[in-house]
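**Q** Could you slot chain B onto chain A? The hints should help.
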Amino acid sequence: MGKRILIVDDANFIRTMVKDVLIPRGFEIAGEATNGNEAIKKYEELKPDLVTMDITMKEKDGLEAAKEILTRYPEARIVMVTALGQEKMLLDSFKIGVKDFVVKPFKPERIISAVEKALA
Amino acid sequence: MKINARFVNPFIQAGINVVQQIANIDVRRGHLSYKDQPEPSYGVCIIVGVYGFLKGQVVYSMKTEVAKRLVGKMLDGKSPEERKLLFLDTLGELANMITGNATALLSENKEHTLQITTPAIATGENLNIMLVPKPTLILGLYTQYGPIEISVALEEDEVLNEIDETERMLNEI
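For the protein sequence lines, the chains are A and B, in the order given.
Under my numbering, the first sequence has 92 at position 92, and the numbering climbs by one with no breaks.
Remember, my numbering sits 120 above the position in the second sequence when you count from 1.
I should point out that these hints are in silico values taken from the structure, not numbers from a laboratory.
On a predicted model such as this, the values are computed, not experimentally measured, just so you know.
Even for Gly, the Cβ is constructed at its ideal location relative to N, Cα and C.
Wrong hints could be hidden among the right ones.
Stated by the list, open to error - Straight-line C-alpha distance at most 25 angstroms; calculated SDA-like pairs for lysine to any residue: (1) A:Lys88 <-> B:Asn129; (2) A:Lys107 <-> B:Thr286; (3) A:Lys19 <-> B:Glu201; (4) A:Lys88 <-> B:Tyr162; (5) A:Lys88 <-> B:Thr286; (6) A:Lys47 <-> A:Gly31; (7) A:Lys88 <-> B:Arg203; (8) A:Lys58 <-> B:Leu205; (9) A:Lys88 <-> B:Lys230; (10) A:Lys60 <-> B:Leu206; (11) A:Lys107 <-> B:Glu278; (12) B:Lys198 <-> A:Ile112; (13) A:Lys58 <-> B:Gly172; (14) A:Lys19 <-> B:Arg203.
Unchecked claim - Partner residues aside, some chain A positions facing chain B, computed with beta carbon under 10 angstroms: (15) Ile14; (16) Thr16; (17) Glu28; (18) Ile29; (19) Met57; (20) Gly85; (21) Gln86; (22) Phe94.
Extracted from the complex, chain A is given alone in its bound form (with noise of 0.2 angstroms):
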């Protein structure tokens, strides 16, 4: 069975591409979040291998999500997948734990990659 995958983005066009690069590649698509309160409790329900995490959604962003579970779960593996390429966003997220950090747009192999090294 493929690795199960959590993705969380607020846009719906990024879930699609997202999933139209990994689908194909077997991984399992565990389940979908909107907001970063709703990737916790997926998270909860579904402890998926891996979690793809955007920044900017509305109720509560993408790093205090990553940052809350990840201190309940460490040993989530979590890739942030962002139009935000900020360094002191990047540096922010490795701090708390996170594996990778994709800035959108993506070419499919840079979301590969990030998977397969975050899941290894």
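**A** Frame of chain A, contents of chain B only:
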């Protein structure tokens, strides 16, 4: 109130890179002008708020036909039903990616980050949108489908910039 010309290149660069990569079409830098507020010129309008050491709004606008053809390219391979379903969402994400990429360029060598809001989208002719009146730089991007207008209404947050300056001075002592 003054507007800062250093906002121009990050948005032009991000706009060209994002549209070229995501829609796989050629994009050229267009006109540069000035308005008193970021009111949109065309019938499709996407508004993104920016806050942090800069604050204000960035408003993207284009004709409906341009938006349809652009989204069609971005969703190449999707069925007509999926394209219809994803139309507004995809336009919002386009604006999100251009603004997000521009903030990375604007944040170089800065102590603080810039945050952006989720995009708000309005469509229709003779749009009447309440926007904060702020001096606005109008940047044009030309595509084969028609122009995309980017209205940048940003100003420096003086408090955060003073903190940055103080931190820099303390680091030098």
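**Q** Work down the list of hints and note, for each, if the structure agrees.
**A** Cross-check of the supplied hints:
no.	hint	result
1	A:Lys88 <-> B:Asn129	holds (21 angstroms)
2	A:Lys107 <-> B:Thr286	violated (40 angstroms)
3	A:Lys19 <-> B:Glu201	holds (18 angstroms)
4	A:Lys88 <-> B:Tyr162	violated (36 angstroms)
5	A:Lys88 <-> B:Thr286	holds (19 angstroms)
6	A:Lys47 <-> A:Gly31	holds (10 angstroms)
7	A:Lys88 <-> B:Arg203	violated (35 angstroms)
8	A:Lys58 <-> B:Leu205	holds (21 angstroms)
9	A:Lys88 <-> B:Lys230	holds (9 angstroms)
10	A:Lys60 <-> B:Leu206	holds (23 angstroms)
11	A:Lys107 <-> B:Glu278	violated (38 angstroms)
12	B:Lys198 <-> A:Ile112	holds (21 angstroms)
13	A:Lys58 <-> B:Gly172	holds (17 angstroms)
14	A:Lys19 <-> B:Arg203	holds (16 angstroms)
15	Ile14	holds (6 angstroms)
16	Thr16	holds (7 angstroms)
17	Glu28	violated (21 angstroms)
18	Ile29	violated (16 angstroms)
19	Met57	holds (7 angstroms)
20	Gly85	holds (4 angstroms)
21	Gln86	holds (4 angstroms)
22	Phe94	violated (15 angstroms)
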